[in-house]
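**Q** Listed here are the chains, written in short residue letters.
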Amino acid sequence: MVEILLDATVRAGTPILFATLGAIINERAGIINLGIEGLMLIGALAGFAGTYLTGSLLLGVLFAFAASFLAGSIHALITVQLRGNQIVSGLALTMFGVGITALFGKGMVGLTIVGFKRVAIPGLSQLPLIGRPFFNQDLLIYFSFLLVFVIWFFFYRTRWGLGVRSVGENPAAADTCGFSVSTYRFFAVTIGSGLVGIGGAYLSLASTPMWIENMTAGRGWIAVALVIFAGWSSPRAMLGAYLFGGITAMQLRFQAMGTTISAHVLQMLPYFFTILVLVISTQRIQKGASQQPEGLGLPYDREDRK
Amino acid sequence: MKKVTLFLLLILAVCFSGNVFAISAKKEIKTGFVYVGPVGDAGWTYSHDQGREEMEKLPYVEPSTFIESVPEGAESARVINGLVRKGHNLIFTTSFGYMDATIDVAKRNKDVVFMHCSGFKTAENVGTYFGRMYEPRYLSGIVAGKMTKKNIIGYVAAFPIPEVIRGINAFTLGVQSVNPKAEVKVVWTQTWFDPGVERDAADSLLDVGADVLTMHQDAPATMQAAEARGAYVIGYNSDMRIFAPNAFLTAPIWNWGSLYTKLAEEVHEGTWKSEQLWWGMKEGLVDLAPLSSAVPADVQALVTEKANAIKAGSLHPFSGPIKDQSGKEVVAAGQVLADGALLGMNFFVKGVQGTISK
Numbered sequence: 016m017v018e019i020l021l022d023a024t025v026r027a028g029t030p031i032l033f034a035t036l037g038a039i040i041n042e043r044a045g046i047i048n049l050g051i052e053g054l055m056l057i058g059a060l061a062g063f064a065g066t067y068l069t070g071s072l073l074l075g076v077l078f079a080f081a082a083s084f085l086a087g088s089i090h091a092l093i094t095v096q097l098r099g100n101q102i103v104s105g106l107a108l109t110m111f112g113v114g115i116t117a118l119f120g121k122g123m124v125g126l127t128i129v130g131f132k133r134v135a136i137p138g139l140s141q142l143p144l145i146g147r148p149f150f151n152q153d154l155l156i157y158f159s160f161l162l163v164f165v166i167w168f169f170f171y172r173t174r175w176g177l178g179v180r181s182v183g184e185n186p187a188a189a190d191t192c193g194f195s196v197s198t199y200r201f202f203a204v205t206i207g208s209g210l211v212g213i214g215g216a217y218l219s220l221a222s223t224p225m226w227i228e229n230m231t232a233g234r235g236w237i238a239v240a241l242v243i244f245a246g247w248s249s250p251r252a253m254l255g256a257y258l259f260g261g262i263t264a265m266q267l268r269f270q271a272m273g274t275t276i277s278a279h280v281l282q283m284l285p286y287f288f289t290i291l292v293l294v295i296s297t298q299r300i301q302k303g304a305s306q307q308p309e310g311l312g313l314p315y316d317r318e319d320r321k
Numbered sequence: 003m004k005k006v007t008l009f010l011l012l013i014l015a016v017c018f019s020g021n022v023f024a025i026s027a028k029k030e031i032k033t034g035f036v037y038v039g040p041v042g043d044a045g046w047t048y049s050h051d052q053g054r055e056e057m058e059k060l061p062y063v064e065p066s067t068f069i070e071s072v073p074e075g076a077e078s079a080r081v082i083n084g085l086v087r088k089g090h091n092l093i094f095t096t097s098f099g100y101m102d103a104t105i106d107v108a109k110r111n112k113d114v115v116f117m118h119c120s121g122f123k124t125a126e127n128v129g130t131y132f133g134r135m136y137e138p139r140y141l142s143g144i145v146a147g148k149m150t151k152k153n154i155i156g157y158v159a160a161f162p163i164p165e166v167i168r169g170i171n172a173f174t175l176g177v178q179s180v181n182p183k184a185e186v187k188v189v190w191t192q193t194w195f196d197p198g199v200e201r202d203a204a205d206s207l208l209d210v211g212a213d214v215l216t217m218h219q220d221a222p223a224t225m226q227a228a229e230a231r232g233a234y235v236i237g238y239n240s241d242m243r244i245f246a247p248n249a250f251l252t253a254p255i256w257n258w259g260s261l262y263t264k265l266a267e268e269v270h271e272g273t274w275k276s277e278q279l280w281w282g283m284k285e286g287l288v289d290l291a292p293l294s295s296a297v298p299a300d301v302q303a304l305v306t307e308k309a310n311a312i313k314a315g316s317l318h319p320f321s322g323p324i325k326d327q328s329g330k331e332v333v334a335a336g337q338v339l340a341d342g343a344l345l346g347m348n349f350f351v352k353g354v355q356g357t358i359s360k
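Chains C and A supply the protein sequences, listed in that same order.
For what it's worth, the numbering used here labels the leading residue of the first sequence as 16, then goes sequentially.
For what it's worth, the numbering used here labels the leading residue of the second sequence as 3, then goes sequentially.
By construction, these hints were calculated from the structure, which means they are not laboratory data.
Possibly wrong hints are sitting among the right ones.
Derived lysine-lysine pairs resembling DSS-like cross-links, with alpha carbons at most 27 Å apart [unchecked claim]: (1) Lys-275(A) to Lys-112(A); (2) Lys-121(C) to Lys-325(A); (3) Lys-275(A) to Lys-121(C); (4) Lys-284(A) to Lys-308(A); (5) Lys-313(A) to Lys-275(A); (6) Lys-88(A) to Lys-275(A); (7) Lys-121(C) to Lys-59(A); (8) Lys-152(A) to Lys-325(A); (9) Lys-325(A) to Lys-183(A).
A few chain C residues that face chain A, going by a derived Cβ cut-off under 8 Å, partial list only [claimed, not checked]: (10) Ser-88; (11) Thr-127; (12) Ser-222; (13) Met-225; (14) Asn-229; (15) Met-230; (16) Gly-246; (17) Gly-261; (18) Met-272.
On the chain C side, residues computed to face chain A include the following (Cβ under 8 Å) [to be verified]: (19) Ala-27; (20) Gln-270; (21) Ala-271; (22) Leu-284.
Here the structure is a predicted model, which means the values were calculated and not measured.
Using N, Cα and C, we set each Cβ at its ideal position, and we do this for glycine too.
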């Protein structure tokens, strides 16, 4: 039972995990991105269309990355090069994503593809309890595990990662040290957006292999909240995404098993946890342990440097 | 100045003559549709849009307008008003939550005909329409009851409202009529549209042993879950067997086209009057999709027989004796549940495992 629950948790949490990781890369460089929901939809459609047209799931994922990379570059252009308002640009990106995927997705409704299948890792998948949830999943889930580690390694063990963090914390100081603020920010936004798109593609290629308008159903906004919960750290993003996925999976299974707990109480749990998590993380911030990048949300202009 | 006056007079004359022509001929129909979801939802709104396209084939119907993803409630009045101002004279509002807005706009526009789907309020220029979906649901229950081997059937349910509860009950009565040992397990997703959650709900039912699934939501996520795990599935809204070629058994489906065509005709002829239409299989508004080849011939014959009985009026799915979950008799033998009780249904019949939270 626990094994099945964990398995459902990982599968429900993965699209949110990709989106949260992408958002973290954005915000680490100091750019707020509220376009996550729209980027996920663009990724979902591009991934599905790519796979449908080429017959290859891998190419589908690449399409998803490329399409949301391009869409993210609009946000990057506005917020980094033109120093526009990040909140407005992000919200516009979400609306853009919802609209453009509805427009171009019309012809994709009702088409079918063969989605990602489970690939068991020999030996490890036989482990009790954690075998099935972590070592008998599809390739995108294994990729998300890898990504969590790679992003952590990138931020804390590489010079480029240091660069991204410093343009997010104090762009003026980073600029003085010779880091190009606009280049770092541009690529953090676009590559982050690309990963968000893969989160959307997980929905249209693995969990429910089809395209339907608005199929992300608000997961992008959960990712936006999880970034704060995760304190801008990739391992904690994993924890947050699985916590959220796990509670959703759990309440459905309680119902299927025939518990007498009111369905309304069970359905409330994920959102109750979101509030709880926000309260706890705000408390932490007040104690001075905030991980929030200092320069988050502030456009940087060399001429204005003090 | 004189020229301008003459010009204006001329325009007035043209407008007037145009009006005279319009009155002398039968009414041209310009229809507007208000949809709650996107037409690409592959479900509810998609089925309405198919009906709209069918209706448009009438020669006197002008190209119609539809507006997608309109939020329910007061906001929708603005959208409906917009359709009126653009000259639409037959407007369909296709979700329960548009009821008050429809009545409101209709009060101020007596020359426009409004049809509201699934509501209960009418006015002299507002009628309502809905389908007796419980009839094909009952038939699909017979199929499920015959096809289950473990006697556990999973139902991925949307919201605990009478329409959904009626569907679950009719389905379960169908199941029980051929297989009293089978149980229908209900999981509420509290969504009309979230493929991810619906897929997970379907998986949770498969995990507790269900070998036949059905659902009430728009997206075919439940069907994909059944396909992936080698179970059977009964769809909903439209025939979506392409999403589950092996698992698909049948689906209760909507054919809005027949109703929309008839209403457009009535308004065109001038014979339309405000009514509460609740059409069933007899009128062709609801139906059961063709059974798949996985269903044995004797079951196919049984379903055809029952379908004919429903169409002839000799079989009503909600005829007694019907017991509720606790075993208490709610409909006595020989009685049939009245339409009012059907529309306000808020209990589960025997054989359903699940709770209606109140």
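**Q** To test your reading of the hints: which numbers does this structure violate?
**A** Violated hints (numbers, rising): 2, 3, 10, 16, 17 and 22; every other hint is consistent with the structure.
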